[in-house]
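Undergrad: Chain by chain, the residues:
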Amino acid sequence: MDLAYYPGCTLKTRAKNFESSAIAVMSALGVNLVELPRWNCCGTVYSLAEDDLIHHVAAVRNLIRVKEQGKNKVVTLCAFCYNTLKRANLVMKDSPDKRFAINNFMNEEPDYAGEVETVHLLQVLRDDVGWERIARNVKHPLKDLKIAGYYGCTLLRPQSAAIDSVERPRVLQDLIKTLGASAVEFPFATECCGAYQVVDNRDIVAERTAAILSSARKNGAEVIAVSCPLCEYNLRQTQRQHTVPMPVLYFTQLMVIAFGLDAIVGGFDENSLETRAWLKGKGLIP
Amino acid sequence: MNEEFVKRALVIGGGIAGIQAALDIADAGYEVILVERSPSIGGHMVQYAEVFPTLDCPQCIMTPRMVEIAQHQNVRLMTYAEVQKVTGSAGNFRVEIIQKARKVDMKKCTGCGTCWQKCPEKVVSEFNAGVAKRTAVYIPFPQAVPAKPVIDTEHCRYTHYQEYMAGKKEGKKPPECRICEKLCPVDAIDWDQKDEIIYEKVGAIVVATGFDLMPMANIPEYAADPDILNGIQFERLLSPGGPTAGVVTRPSDGKIPKEVVFVSCCGSRDPEHGVPYCSRVCCMYLAKQALLYKHAVPDGQAYIFYIDTRSTGKGYEEFIQRVVGEGVLYLRGKVSKIFRDGEKLRVYGADTLSGKRVEIAADMVVLGMAVMPSEGTKELLKKLGVSAGETGFVLESHTKFRPLETSVEGIFVAGMAQGPKDIPDSVAQGSASAARVLTLFAQGSRSQKESVRV
Chain P
180 MDLAYYPGCT
190 LKTRAKNFES
200 SAIAVMSALG
210 VNLVELPRWN
220 CCGTVYSLAE
230 DDLIHHVAAV
240 RNLIRVKEQG
250 KNKVVTLCAF
260 CYNTLKRANL
270 VMKDSPDKRF
280 AINNFMNEEP
290 DYAGEVETVH
300 LLQVLRDDVG
310 WERIARNVKH
320 PLKDLKIAGY
330 YGCTLLRPQS
340 AAIDSVERPR
350 VLQDLIKTLG
360 ASAVEFPFAT
370 ECCGAYQVVD
380 NRDIVAERTA
390 AILSSARKNG
400 AEVIAVSCPL
410 CEYNLRQTQR
420 QHTVPMPVLY
430 FTQLMVIAFG
440 LDAIVGGFDE
450 NSLETRAWLK
460 GKGLIP
Chain F
8 MNEEFVKRAL
18 VIGGGIAGIQ
28 AALDIADAGY
38 EVILVERSPS
48 IGGHMVQYAE
58 VFPTLDCPQC
68 IMTPRMVEIA
78 QHQNVRLMTY
88 AEVQKVTGSA
98 GNFRVEIIQK
108 ARKVDMKKCT
118 GCGTCWQKCP
128 EKVVSEFNAG
138 VAKRTAVYIP
148 FPQAVPAKPV
158 IDTEHCRYTH
168 YQEYMAGKKE
178 GKKPPECRIC
188 EKLCPVDAID
198 WDQKDEIIYE
208 KVGAIVVATG
218 FDLMPMANIP
228 EYAADPDILN
238 GIQFERLLSP
248 GGPTAGVVTR
258 PSDGKIPKEV
268 VFVSCCGSRD
278 PEHGVPYCSR
288 VCCMYLAKQA
298 LLYKHAVPDG
308 QAYIFYIDTR
318 STGKGYEEFI
328 QRVVGEGVLY
338 LRGKVSKIFR
348 DGEKLRVYGA
358 DTLSGKRVEI
368 AADMVVLGMA
378 VMPSEGTKEL
388 LKKLGVSAGE
398 TGFVLESHTK
408 FRPLETSVEG
418 IFVAGMAQGP
428 KDIPDSVAQG
438 SASAARVLTL
448 FAQGSRSQKE
458 SVRV
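These protein sequence lines are chains P and F, in that order. For the first sequence, counting from 1, position 40 maps to 219 in our numbering; every step adds exactly one. For the second sequence, counting from 1, position 280 maps to 287 in our numbering; every step adds exactly one.
Among these hints, one or two may not hold up.
[Unchecked claim] If you want a taste of the chain P side facing chain F, the calculated C-beta under 10 angstroms gives, among others: (1) 338; (2) 344; (3) 345; (4) 347; (5) 365; (6) 366; (7) 367; (8) 369; (9) 394; (10) 397; (11) 401; (12) 449.
[What the hints assert, rightly or not] Label-pair distances were calculated between CB atoms; the ranges are: (13) 248/P x 137/F: 35 to 43 angstroms; (14) 385/F x 307/P: 32 to 40 angstroms; (15) 364/P x 137/F: 16 to 24 angstroms; (16) 259/F x 249/P: 55 to 63 angstroms; (17) 251/P x 259/F: 44 to 52 angstroms; (18) 416/P x 315/F: 40 to 48 angstroms; (19) 99/F x 364/P: 57 to 65 angstroms; (20) 277/P x 306/F: 53 to 61 angstroms.
Calculated from the structure, these hints are not laboratory results. Every residue gets a Cβ at the ideal spot worked out from N, C-alpha and C, and that includes glycine.
Make a model of the complete structure from these sequences and hints.
TA: Quick look at the structure:
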């Protein structure tokens, strides 16, 4: 199965390990992530200002690129890109006036009316691949690992863009269990990590991540699985200010380990020293 | 041709509204069949600790009414029964009522209590809203009317044994038990009793089917936790006749909670999570519960989160002021999250008057869950042909001038079945619907009735 894949900037810079691990595990599952030609920035943050239509243009251009490929569905790995593309598409689908204005502005592009569905990789795993098929690919079950799945906000908010129950999502826990590990439930799984506040107000983020990690640890987690490069960055970079380090991994990296794929595609070198040390200590990477 | 009306009424629902309607019709000299699906009449009101704003004891003021129902020569009480089918029209309804098998011979049973004291099977008590257990053969509460038990065949060990022997059940062989049968001094246990369908003719029907609370799971940002209770569960903990004899303790560890948070509008006024309407009783009962909690635990602190306090009944605002004066802390804002943190429940909220975030480490939380039409209302209304509004409550013919009439002539509504309301309003509607029934009976026959129809 071929799927149109929108990487976004971070996957090509700070989160290469997320991309390489995702492409490898999906290929093991028989799904080719076909990168879009000519993609551009997603717009990064969905603008909440009602009349700030110019902010949606970047996202809409990407959706038009998908449509040009003859596809009606695009998958993202980055939770922020997912959120921006998904919500921009809702604008194009549901608001005729805004659709008209945006189409009018981009007069070099063909008209677009919200035909492309944006999905996150977790949705593909759950809805298209299915837990059973994933379980069949698990060669080294992550036995005895206690993993907290951390969602952050952009996969779940607002409700119109949520990939799962907004307040009590299951998809990460279900994946973690499918990989043979035990999924830790903790009340901060859907709290915001502080997101872009890290640029100019690092303390806010440090406070948030300390709360998230200590809650995960209190509930028995030894490692945290994330689905968003910004969450990963924030949890990795700010945690030392407040807490004992906790390993942070993308869920796709856990799949690389469980599927017994070459550690190189896992890109573990880009994780923190502590995470690597922990993985080695557990004998999970060479 | 004049079609003579059947001057007998059917009241569906044995809560306070149905009881009031039934007694008024019966006192006027007409026969009433009161059908209640649970094993006893009393409804929700008998579950409460003390009722606002006068703080009187509902058991004390209600049990005489319940006994009156049981003893009234014009009332035929059918508990553990449900209306199955209704045909006909005003003045001449044909009704099918299913009397569920009690497995207890009501004529022989003396209500001595031996069976339910000795029954080994413990089941979640509906009357105690899940905060206590009952036995499989049971009366729901000590003042139940009738004070004779039913056997809950879903949980009875002997029923399971019989099903197993008949090959209808897999697994381990259940014990034969039959302890109730062995110990009953008057041989009242009757395993052969079957559900029975009873056919009746009535001229008018009052729907008084009441309410249920919205499930707490509707608000997923509040954790599922034994120390997070709904309003009725907390009433049971406050009630002197409740499972803790009125001592407020945490279900998780039996400790006395020192910080209790009450949350208003849980699912009400909140189309995202539940329903758009105001449940009308929560402001008052949460205030009352906070006050009763303060009386039970004088060194405890009660907090009430509210959107705005709706105290519009007689004596209600005075009551709220009394509660505030007794040290209950009101915080205007909503609660965004509740989760377990070791011994405590963390409550994240907002105080919009000071503009600050509030975080409370609570021992117990009480959620003022939205009231909704009682379970099964939709199905019953379908059988009656009666329309419901968007929110599931019975739709009245005219909100102002025909508030008790439903979309079917001769079928009236009273109490919470029509919409959220407090006890005085429910009783008033009970009486008012009885008056409508009596008006219909006074008209006597169809042609006369049509000539006076408004």
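Undergrad: All hints, please: hold or fail.
TA: Checked hints:
1. The criterion of a C-beta within 10 angstroms of any C-beta in chain F is met by residue 338/P, whose closest approach is roughly 8 angstroms, and the hint holds.
2. Nearest Cβ of chain F to the Cβ of residue 344/P: about 6 angstroms, under the 10 angstroms cut. The hint holds.
3. A cut of 10 angstroms between beta carbons decides the hint on residue 345/P: the least distance to chain F is about 7 angstroms, and the hint holds.
4. A hinted interface residue such as residue 347/P counts as satisfied when its beta carbon comes closer than 10 angstroms to some beta carbon of chain F; here the least separation is about 4 angstroms, so the hint holds.
5. At about 9 angstroms, the closest approach between the beta carbon of residue 365/P and any beta carbon in chain F falls short of 10 angstroms, and the interface hint on this residue holds.
6. Nearest Cβ of chain F to the Cβ of residue 366/P: about 3 angstroms, under the 10 angstroms cut. The hint holds.
7. Satisfaction of the interface hint for residue 367/P is found here, the shortest Cβ-Cβ separation to chain F being roughly 8 angstroms, below the 10 angstroms cut-off.
8. Satisfaction of the interface hint for residue 369/P is found here, the shortest Cβ-Cβ separation to chain F being roughly 9 angstroms, below the 10 angstroms cut-off.
9. Satisfaction of the interface hint for residue 394/P is found here, the shortest Cβ-Cβ separation to chain F being roughly 8 angstroms, below the 10 angstroms cut-off.
10. Checking residue 397/P against chain F by beta carbon gives a least distance of about 8 angstroms; that is within 10 angstroms, so the hint holds.
11. Taking 10 angstroms as the C-beta contact cut-off toward chain F, the hint placing residue 401/P at the interface is violated, the least distance being around 19 angstroms.
12. Given hint, residue 449/P at the interface with chain F, is violated; its Cβ is 33 angstroms from that chain's nearest Cβ, farther than 10 angstroms.
13. Between residue 248/P and residue 137/F, the C-beta spacing of about 55 angstroms breaks the proposed range 35 to 43 angstroms.
14. Checked against the hint of 32 to 40 angstroms, the pair residue 385/F and residue 307/P passes, with Cβ atoms roughly 36 angstroms apart.
15. The supplied range of 16 to 24 angstroms is met by residue 364/P and residue 137/F, whose beta-carbon atoms lie about 22 angstroms from each other.
16. The hint said 55 to 63 angstroms for the Cβ distance between residue 259/F and residue 249/P, and at roughly 57 angstroms that hint holds.
17. Checking the proposed 44 to 52 angstroms range against residue 251/P and residue 259/F shows it holds: the Cβ atoms sit about 50 angstroms from each other.
18. For residue 416/P paired with residue 315/F, a C-beta distance near 44 angstroms keeps the hint of 40 to 48 angstroms intact.
19. Take residue 99/F and residue 364/P: their Cβ atoms lie about 59 angstroms apart, and the range 57 to 65 angstroms holds.
20. With their beta carbons about 58 angstroms apart, residue 277/P and residue 306/F fall inside the hinted range of 53 to 61 angstroms.
When the structure is compared with the earlier hints, violations turn up for hints 11, 12, 13 and for no others.
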